[in-house]
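Chemist: Using the sequences and the hints given, assemble the complete structure.
Chains as they are written, first to last, in this note's numbering: chain A, 1 to 169; chain B, 1001 to 1169.
These are calculated hints, taken from the structure and not from any lab test. Treat the hints loosely; a few may be bogus.
[Stated by the list, open to error] With a Cα cut of at most 30 Å, we get these calculated DSSO-like pairs of lysine-lysine:
1) Lys1165/B <-> Lys159/A
2) Lys159/A <-> Lys1159/B
3) Lys165/A <-> Lys1159/B
[As the list claims (entries may be wrong)] Restraint-style ranges between C-beta atoms, simulated for each label pair:
4) Arg128/A <-> Thr1031/B: 35 to 41 Å
5) Asp1067/B <-> Ala136/A: 54 to 60 Å
6) Gln52/A <-> Arg1014/B: 51 to 57 Å
Positions of the beta carbon are idealized from the N, C-alpha and C atoms, including for glycine.
Number of protein chains: 2
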Amino acid sequence: MKDSTHQADVTIRRTVQLGDPERIRELVGSTGFFSAEEQAIAEELARETLVQGPASGYEFLFAESADGLVGYSCFGRIPCTVATWDLYWIAVAPGTQGGGLGRRLLQETENRVAAQGGTALYAETSGREQYAPTRAFYRRCGYACAAEFDDFYGPGDAKCIFAKKPVTS
Amino acid sequence: MKDSTHQADVTIRRTVQLGDPERIRELVGSTGFFSAEEQAIAEELARETLVQGPASGYEFLFAESADGLVGYSCFGRIPCTVATWDLYWIAVAPGTQGGGLGRRLLQETENRVAAQGGTALYAETSGREQYAPTRAFYRRCGYACAAEFDDFYGPGDAKCIFAKKPVTS
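Modeler: Here it is as structure tokens:
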């Protein structure tokens, strides 16, 4: 077992590089919080951005230490909205969790959104017991539950939609 | 001005054909209910389905009369859900509105969703005054307001999320 990575050793970059799609898939797979379909989509969004650049509509933050990719976020303006953004993905490697990296990634994401005029940031997660820490994380970071749809992902698996308005505060 | 098209003269097909993307853009543009960005996306979803087939994840219903395309719907299973579907688009040509074609398209859509095991169908629309008839249409068709997000599309422009569970009733 490795010790938790110290945040001071983690740098954040924004440009998607070759190999990132595979690294993202490995990272989200390692957390145990994402289904196979979700892992494939997380990888696909990075691949689209590698090919299309900013036209993909997705932006990324990659948190890297000497161990490689230890966290990332993926976000973008929601099509057909003026200034409402969606946090599509946020994940931190298991060995790095609990050290504040998730909060740092989320704050950096909010800064990027606000810098581009975003006025609200939405994030979705599951209502299942396994995701109670995720929901608590969003609440600690200033997000409020905007809606909950029962049985959305599957029987007994609600979708919880969190929102932060304004994005930085 | 043409008379309203009689529903008996309208046939419905499911396969996307060459020329449909442009016809969809023209149709949704003619209603005055969709922004330029929305029109472009409506066209793009049909184009993706022409290229990818069912792998696109989108299905369509095209309502045609002697006048050509007079209505359509676009829908699909929401990724990462077991059996929750989204009605991405539904539109009826202005000269054909008021004759029940929207309701027929929606019912046929629900039948297609239910036949594939879908247990819920979601639809989004604006909270603005212009869309009051759209919201009334969903309520008449058995949909309930599941959530409303203020200022979602823009200042003063809420997103209303409607849901029908079960899909056919």
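Chemist: Taking the hints in turn, state whether each one holds.
Modeler: Right, here's what the structure says about each hint:
1. At most 30 Å may separate the alpha-carbon atoms for a hinted pair to count; lysine 1165/B and lysine 159/A meet this at roughly 15 Å.
2. For the hint linking lysine 159/A to lysine 1159/B, the alpha-carbon distance of about 17 Å falls within 30 Å, and the restraint holds.
3. For the given pair, lysine 165/A sits about 15 Å from lysine 1159/B by alpha-carbon distance, which is consistent with the 30 Å threshold.
4. A hinted range of 35 to 41 Å holds for the C-beta pair arginine 128/A and threonine 1031/B, which are about 40 Å apart.
5. Here the CB-CB span from aspartate 1067/B to alanine 136/A is close to 56 Å, well matched to the stated 54 to 60 Å.
6. A beta carbon spacing of about 30 Å between glutamine 52/A and arginine 1014/B contradicts the range 51 to 57 Å that was offered as a hint.
Consistency with the previously given hints fails for number 6 only.
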